[in-house]
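S.K.: Chain by chain, the residues run as shown.
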Amino acid sequence: MDTPLTQHIRPDREPLDLRSYEQAGGYQALRQALTLAPQAITRLVTEAGLRGMGGAGFPTGRKWSAVPMGPDAPRPKYLVVNADEMEPGTFKDRLLLEGDPHQMVEAIVVSAYAIQADVAYIFLRGEYVLAAQRLQRAIAEAYAGGYLGRDILHSGYHLELYLHISAGRYICGEASALLNALEGRRAIPRAKGVRTAVSGLWGRPTIVNNVETLCNVPHIVLHGAEWFKALGRGQAGGTKIYGVSGKVRRPGTWELPMGTPMREILEAHAGGLRDGLALRGVLPGGASTEFVLPEQLDVAMDFDSMATVGSRLGTGTMIVLDDQTCPVGLLANLEHFFARESCGWCTPCRDGLPWVQQTLAAIDAGRGAPEDLELLAMHTRFLGPGYTFCGLAPGAMEPLQSGLRHFREDFERHIRERRCPWGADHGDHLH
Amino acid sequence: MLSAEEREEIEAELQRYPDRQAVCIDALLIVQRHRGWVSDEAVRDIAEALAMSPAEVDAVATFYNRVFRRPVGRHVIFLCDSVSCWIMGYGRVRAQLAARLGIGFGETSADGRFTLLPAPCLGACDHAPAMMIDDTLHGDLDPERLDALLDRYS
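Chains as they are written, first to last, in this note's numbering: chain A, 1 to 431; chain B, 1001 to 1154.
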């Protein structure tokens, strides 16, 4: 089984219901997990080297290890699934949520057991209506089947699982802002320094994990850490749901060994660029990552290898920039997104991003000045790490600083010729 | 005043959280589902039901883009304006909607049929450009498809 996460997913049919999921081996991982000590599961996940697939890549086992355990631990404890997929160009969690909701539920129960959580919430973006319907059905079936609620499978372990439908805003994907949203507040990030594993939702121990991250857990429990590591290519273990969007022949998502080279995903799976187009760059894992250039395509798409080309794996869903799309316009679009989605809580982000966006829009529209490039470069420093509460603005600066470096000539041409060389209708000049 | 139905749905949500304020966002969405939008009166009613101040509820209501503090048309179009859709022709879709419905972002067509709003990435990047009308996702939009689609909504 080399595609554990998507083994039951067929795009042309309904997801497995409880009975078919059980017949396909579903909930066996949960049965096994309940025979183990909770800490043994955390240990397995640590040994497997599972890392956060929401973009940050933090080791999952280490995150869980910070949760207070034992009879004196504060209660209730919470597990929160970050199903607020909203990173531009990212469409992988949708596949898992819509395609195999029982896998998600089983993953939640196993993971919640590992940290001995009492309550779990799925924080789902409101636009994922189909996922909401399917999850709701799977949760009801799981309660009826004894996999949720009191005394799960007569183990003495209890877990309540609730689906929370979000009312919007990208910032909710930031873990601490998400917790504020769940508490019914404005979704602004919380101050760093207090670990949510110790004091999160309502001041209780809380773990927030991405959908894809958690979906790996039942398979690790069932097949072991060594099996998981062997799934990957090279140093990194497991599989990854990669995606490609932009002007390629077959945009889509594929579950492949972690560490599959970018070129292979782009050419063998996405079919390469459409006829007549040449590649200029790739944002490898959503809008908050740095450009990878055509000559770097042989890089393996895993956390450590992506750092060697100055970028990040991020969400692993690539956005392709072709030579008939204006890089300045693309960056103006990205920064428009980040400026709009800033929660406004801290000044560099609230005031800096609109400035960046307007400067880019002006250059794109042929109203730029040479000194604008230095202004933009300055912002990439002052909106970078260390100046803000959360990662939104630093993330927004990653494509910009690499874009300024790699597409300098395109910026200068816009300013020199006082127009967009790709023409006014290459995308959206309306921002 | 909250209707009996709204009150009942809000009470049901209270089971899922340890305190009343946590239900605030759900309550806003419940009221919006019944009335189409969230009026000042609705904000006051929710505040009373959850033992919050109207200002606190409004601070939450105005933060989230899927809570409508003004009336909307019979259908709401959420047009994805994020990067993959932008590359794949979001600008053309937006221009066509403007020409056909006479509206830009934040506006409602004169016949009250559609309100147009921007949406962050809808997670349908392999079918860009994409948009949602009410609860339904529509991808691979091109001029003919878009025209036919709009005709289906009255």
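Keep in mind that the hints were calculated from the coordinates and are not lab data.
Keep in mind that the hints are not guaranteed to be accurate.
Only part of the chain A face toward chain B is listed, based on derived beta-carbon distances under 8 angstroms [to be verified]:
| # | residue |
| --- | --- |
| 1 | Asp-12 |
| 2 | Glu-87 |
| 3 | Pro-88 |
| 4 | Gly-89 |
| 5 | Tyr-157 |
| 6 | Ile-165 |
| 7 | Gly-184 |
| 8 | Ala-187 |
| 9 | Ala-191 |
| 10 | Val-198 |
| 11 | Trp-254 |
| 12 | Ala-287 |
Which bits of chain A does chain B cover? Going by a derived footprint, with three or more residues having C-beta under 8 angstroms, they are [what the hints assert, rightly or not]:
| # | segment |
| --- | --- |
| 13 | 90 to 104 |
| 14 | 127 to 141 |
| 15 | 167 to 180 |
| 16 | 245 to 253 |
| 17 | 328 to 335 |
Idealized CB from N, CA, C, for every residue including glycine.
S.K.: Which hints, by number, does the structure contradict?
M.R.: 1, 5, 9, 10 and 11
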